[in-house]
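J.: For the protein sequence lines, the chains are F and P, in the order given.
Per this note's numbering: the first sequence = residues 24 to 134.
Per this note's numbering: the second sequence = residues 1391 to 1982.
Rather than coming from a laboratory, the hints here were simulated on the basis of the structure.
Even for Gly, the Cβ is constructed at its ideal location relative to N, Cα and C.
Hints may contain errors.
To be verified - One-sided excerpt, in silico: chain F residues whose CB lies under 7 Å from chain P: (1) L49; (2) I65; (3) G78; (4) A86; (5) L97; (6) I98; (7) H106; (8) L114.
The chain contents come next:
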Amino acid sequence: MSGTESHRDTSGDRTQAYWKANLRELAWLLAIWFTCSFGFGIVLAEPLNAFTFLGVPLGFWFAQQGAIYIFIMLIFVYAWRMHRVDERFGLEDDNEPDSYDLDDAGGETQA
Amino acid sequence: MSTTALTYLFVALSFALYIGIAIWSRAASTKEFYVAGGHVHPIANGMATAADWMSAASFISMAGIIAFMGYDGSVYLMGWTGGFVLLALLLAPYLRKFGQFTVPDFLGERYYSKTARVIAVLCLLIVSFTYIAGQMRGVGIVFSRFLEVDINTGVYTGMAIVFFYAVLGGMKGITYTQVAQYCVMIFAYLVPAIFISMLLTGNPLPQLGLGTTLEDGSGMTVLAKLDAVLTDLGFAAYTASERATIDVFAITAALMIGTAGLPHVIVRFFTVPKVSDARKSAGWALLFIALLYTTAPAIASFARLNFVDTVQDATYETMPDWFKNWEDIGLIGWSDKNEDGHIQYGPGNAFEGGAPTFGEERGSHGERVVTSAPTAADNEVYVDRDIMVLANPEIANLPGWVMALVAAGSLAAALSTAAGLLLVISSSVSHDLVKKTFRAGTTERQELLYARLSAAVAVVVAGYFGINPPGFVAQVVAFAFGLAAASLFPALFMGIFVKSMNRDGAIAGMIAGLGFTWVYIAWFKFWEPAANVAENWWFGISPEGIGFVGMIVNFVVAFAVARFTVKPPEKVRELVDSIRIPVRTQSNAPKL
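Only chain F is shown next, with the shape it has when bound in the complex (with noise of 0.2 Å):
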């Protein structure tokens, strides 16, 4: 990168707050992945296994099915909730020009 463009000269403050609430959001949906998909589908199969659920034990519906109806979801819910915490600090890019960033990233045209 060039270096005289790549910093924004809002306070640091700002973006840091930005940063530890992208923080948060990534934790509690990292854990769900981790619980739905490690916890239910492989850890826990066996007992969970005990149960039905559409026919299926509950704990193979989980390894077969379940978890990846989850990952969908976490993924959808991730660019949702980031996009308001974008609105909150001011930093949704939906007035950015297209592709902003090829011709002004510095290290491609200036190296």
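Dock chain P against chain F, hints included.
T.: Coordinates of chain P only, in the frame set by chain F:
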């Protein structure tokens, strides 16, 4: 029309479509060649990512593997989808903001080091070539079985098609071709699944098929019946695990993390316009992937049930055509060990040493004579797991056009992945090696030429591996994921989340993770294959899962080395700050 004629028609139509799209969307600049100009709509990118990601292994092999592994096959289902969560939450948005062309680009800039860039290129090349060899082989198998041509002719045809649209169109051509390939692929996968689900359970949704009561009057669900039938034959129950929990855990983790670290998947998120699009696009990609991945377990259980039903205690003379067709190309073998004239299927290998060899003559029932030594097991049937998806429509007696569709779909799966891999290979050579490492003065025109040349060379190398498959193709798949998990993922993750991570830490971590994983896999797969049993594995973790441990090694070494070496320079810290926020950094005035 005969099935073969229909297959030719479907395959020819789909190829014409791909070539048409390639001509319409050919690339004119390096930006279009590498990242499709950065203008791809997130949903289109999601479809293209899905086609890119789902290879011959997903389309052809995965359901077959699950059919024969039961619960233990879940590692692939969770591993190859869960990685997208990591990708969407931990990598894609920030790498999009960084906004260069390749994965080594990011590592080279972030760790201010040509060494880091070259190591990343090396990992990328190993991973991608491993993968691409398998795709070309898949193309060859489909051609030889369905179009009845020589396997080599099949590989040449596949090479020619991929060459045409990848070299001409670059990422732009590939992206729009992949959107078409996704549609062909998913249609081809779902149609037979829905048909079979209707036949077996009366429920058109294969996803619900596992738990639906069978139409055969037994009053049992598909899974309950399968558990009963298999335990009857001496197999473990379908829903039970035969692997140690820690191994299932490690393999799933290695596949997930490896998925998130695969360059040809990551680079797809460089093609959308904005950071918020990169987040959404990963969700769309997984949604499109999940359509196939949640259908696969249903196909697997239907196929296993149908297979046992057809084969068990029947005579060779009454076997349907598909059994004999696959026997003809050596992927099914039967020998009447107990000489009762009936086929017995059960646990254990039927013959010594993997795939059986056949003699020229026919046995007393008309079967091909197997010349491999029989094992002591009662099982008399060898069946290659890869045939289940391809044979499924025939096993269920579906019409010829469904089989033609499946052939076209599996070619779409193999070709789309091969093209995506070719692109990351060529861009890492032309951009990262030629332009950024060895010849700094390369112009855009020259770089584009180098990109096309290296794509052409890569096609030839891939074709060579397809025609002369190294015996170890199946074994080295563990390499691809293990190495991506142990080398690229941690370096990328720390590059974004750990501002204090420096050049020395990242390089030491990559080398340690890569070296550790490499030695562990190579030891059990090549040097001492006889020792590859659970008792000898560290912590009970198989070579397939060791990438997870390699990742931990990478992190530990990186943090240790970074503690005692010089901090990264201020401009790198500023770079990290800038990729953490979704907006352009210098035009900050209007908001707030």
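J.: Taking the hints in turn, state whether each one holds.
T.: Hints, verified against the model:
Checking F:L49 against chain P by beta carbon gives a least distance of about 6 Å; that is within 7 Å, so the hint holds. A hinted interface residue such as F:I65 counts as satisfied when its beta carbon comes closer than 7 Å to some beta carbon of chain P; here the least separation is about 5 Å, so the hint holds. The interface hint given for F:G78 is met, as the beta carbon of that residue sits about 2 Å from the closest beta carbon of chain P, less than 7 Å. At a threshold of 7 Å, the smallest CB-CB gap from F:A86 to chain P is about 4 Å, leaving the interface hint in force.
With 7 Å as the threshold, the beta carbon of F:L97 comes within range of chain P, its nearest partner Cβ sitting at about 5 Å, so the hint holds. A hinted interface residue such as F:I98 counts as satisfied when its beta carbon comes closer than 7 Å to some beta carbon of chain P; here the least separation is about 4 Å, so the hint holds. Evaluation of the F:H106 hint against chain P yields a held restraint, the C-beta minimum of about 6 Å falling below 7 Å. For F:L114, the shortest C-beta to C-beta distance to chain P is roughly 5 Å, which falls under 7 Å, so the interface hint holds.
This entry satisfies every hint, going by the numbered hints stated previously.
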